[in-house]
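From first to last, the protein sequence lines stand for chains A and B. Mapping the first sequence onto my numbering, position 137 (from 1) lands on 137, and the numbers just tick up by one. Mapping the second sequence onto my numbering, position 432 (from 1) lands on 432, and the numbers just tick up by one.
By construction, these hints were calculated from the structure, which means they are not laboratory data. Zero decoy hints are in this set.
Simulated pairs of lysine-lysine, DSBU-like, Cα-Cα distance not exceeding 30 Å: (1) K154/A with K123/A; (2) K123/A with K655/B; (3) K154/A with K43/A; (4) K655/B with K247/B; (5) K123/A with K331/B; (6) K636/B with K655/B; (7) K603/B with K655/B; (8) K331/B with K247/B; (9) K154/A with K655/B; (10) K636/B with K154/A; (11) K636/B with K181/A; (12) K123/A with K43/A; (13) K247/B with K123/A.
The model shown is predicted, which means the values in this text are computed figures rather than measured ones.
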Amino acid sequence: MLVGICTPEGSVAQQRIEPFESIELRFSGMSNVNRNFLHEFWKPGVGGELSAATPFYLGFAEFGGALHQYRVEEPSVPRFSAVHLYFGWGLGTDLGSRLRIEGSGRVGNYRMTFDENTFPGVKNENELTVGFQGRLAVRAAGPVSIHVAGNYTKAFTYIRLNLWYVAAGISYQLDSPGWLKEFLR
Amino acid sequence: MDNKCICPLPSGLLQCISFGLFLSCIWVVHSPTAKAQEVDSVATNSPIDSLAYANPRTQIITAEEIAQAGLSRLSDLFVLIDDWMGTSVEGYSWQSSANGLASYQEAAWTLLIDGQPVNLFILNAQNINTAPISIHEISYVEAINTPTFVAGNLYQGGVLHIHTHNPDEGASIKASITAGNEVGDPGPYRYTPYSTPNIDRIGPTLQGAASYAASGWHIRVQGKVDEHHATDERIRERVQTLYQGEKAPRLLLSSTSVDIGTTGQAGNHRVTAGFSRFQDLYFFEPIGLENPMDHRFYQIGARGDFSPGKPSGISYRLSYTSSSLDPRESKGGLNLDWRQNQFRGQYEVRFGTSSLRGALGLNTDYLQSFSEYTLADARLPLNRAYGDFFFRYQNVWEQRVMAYITQVKGVHGFGVLATLTARPTPAHTLSFVGSVVRQPYAETNRLWYWIRQGYDFLGDQGIDVSLPAVFNTSTTFLGDLSWRYRPSDQFSLTLAGSVRRFNDLTLAAYSFRYDSLTTGFNTETAVRSPVFGRLTKGSAAIQFRLSPSLDQRVYYAYQRFPSADGTYWQAWQNQPWHRFSYTLRFTPLERLSLYARVTYTSKTEWPDYFEAADVSQGRYEAQLPGVWLLDLSARKRLWRDHLQLNLAFRNLLNKSIRTHPAGAATNMVFQVQLQFYFNSQRP
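Could you put the whole structure together from the sequences, leaning on the hints where they help?
Following this line, the structure appears as structure tokens:
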């Protein structure tokens, strides 16, 4: 099966890898870059994202979580934070010996937690999200890569939340433990 | 083959049946003799069930399809049945109509679980979710879309026959959790001037079963807990008229059941007991509002066969059911105060050979109602004697005639069912099902009958229900003719046509007027008898398998009623004329599958709501537009099949869907389901 995530062996393009054979752990810092109706009330701060990607039967599968912070622009509303948990699936290809490009679609849940100390009411809200991400990774040394990414997330609140983020971070790839491979297969 | 056509039915009495037999006889006489294909392997060892399955109008839904589609509630089954239509106010309690056999308001379909009828009917409605069974215990479901004779009864309103898994040997445990989220929450905007109503989650639905099976016997315990939120703003406002509670209005269901089965030289025997409690917000038409109710259902039953699989033998079915509607906490203190206990017994002796069989049986049914209202006669005993005859010639020709006579409250009724299946070549199956039933009104056990007996709950609320001078004994003629062409396992085409004629029915005509105070309705109910109507329906289904991993099915049906009186028209106008569906099941890998279903339902009209629609300023509409729906789900089995994860989108096109004028408008839903399974004898 042709799969594409960066491999410890480096520049082998499109290696034939069994599903779930390896896991790549990815950590990113991220920043919201678009402005829309939401930003009249809140100003997103810097966020963080932790995810894991593994070869799937075709392409790769990923799951992860991101933390977004929202400060208030308008004092009549509370600040809130949001945890975005998602599953994703994507395809990637190597560009030369060290460079790799990927695209993936995501489905997830956007869990918003409001500051109920200052604004009593519903503390949490959950909403469906769909989105996609484009990612460019460079193998730095052995299993370590660095990457930049851009992603779009739409949360299906009544007034939709449309969020564009740019992210940059580091990845580390390891072989999947046997028990995990058996579990996932 | 003998070049004569021998039709065992008496001529004249059943014209439509005779006509069908005539057609079928011609078919056989002029067709080359060939070996007919065997009945599909899913069929059970019961000849009755095998015949039902062999009927091209029976749709089989397997556990695999249920799992791939990510179904979590029994009512979700209606989504997969092509020939059944449903409507629901809050999206949890569904009124269904099977293949034009009865209107929504009659709720005439029947549920059987492993051959045992489960009578969920109470006060003109039945909610399949209250059946004390987990959907994950289903092995397969037969949706029988024609009149049928099963479990010693002729059912003419459609049958949903659930067959549960035989528990695996050793100790097993199974559990699942399902939760969903409908889009459209206010999100952070709830703190701004742009706030919108909150949309609650769907579920969670928790289900579990534990079983132990050894050679010759098994025991299984199962249970489920489910909740559903009255999240639609119009329903929430209406519900607040009567509902009282600490939390937002919710429908809460819990159920448990146990079944014990033995198989041996003494035959197959099974004992079941189940209980469910449904804390309901039932939209009760005569009130025009949701009535908070506490619905409890108990059933204990036993059934057995002393010589299963043999042409001759004795079988029995016994059950005791109790259903009650008690008050749930409410502002108005409404108390329906209604309970019905029912004992059913069925005993059958069958005889013959594998190609020519007969059976004689007796049904005794004793129903008693309890209420603080004084009922003139609270008892409803029903006795029925029947005969059932089956003839098969070399798998080319199968013919069956069943007839019964009944007596209830001194009124006699009868029913005749004839089925004929001809397979002139392995690729062709021609099937005819015809029935004539004359049914005393008391047998329907409807609310209107009990109002006449003195049940005056509605009168106490100041609600007037006008009853006819006499409840007529109805006569129903039903005919279904179908042809299935299946040249290979990869392709089948089924064409079907149905005619129905209903004479002397008793139906209710409602008139809902908008009440701006409660945002509900003031209702006038006129029960009319006799009511007359005819219905015709045609459908086509194509099933094709492009590869072993890709199954597809396309279905289309058109339904009309060419002649009817006003009351019948009013009761049936709320069903769509056109219905289309396309189902795709893609299993690229053993443990990974994708499921997609597209359905189209044409517009429906609800004459009962004309008055309300005129004055409610858009809150209620008497015409619901046609709608396209797309459901999509992906399933991955994990950990050597101990785990199963399903992610599903319902209504992926995110249309605002409403199936009832007073009902909830729902949008796209995302659902996650996780199932666990462990067996002591599997690693």
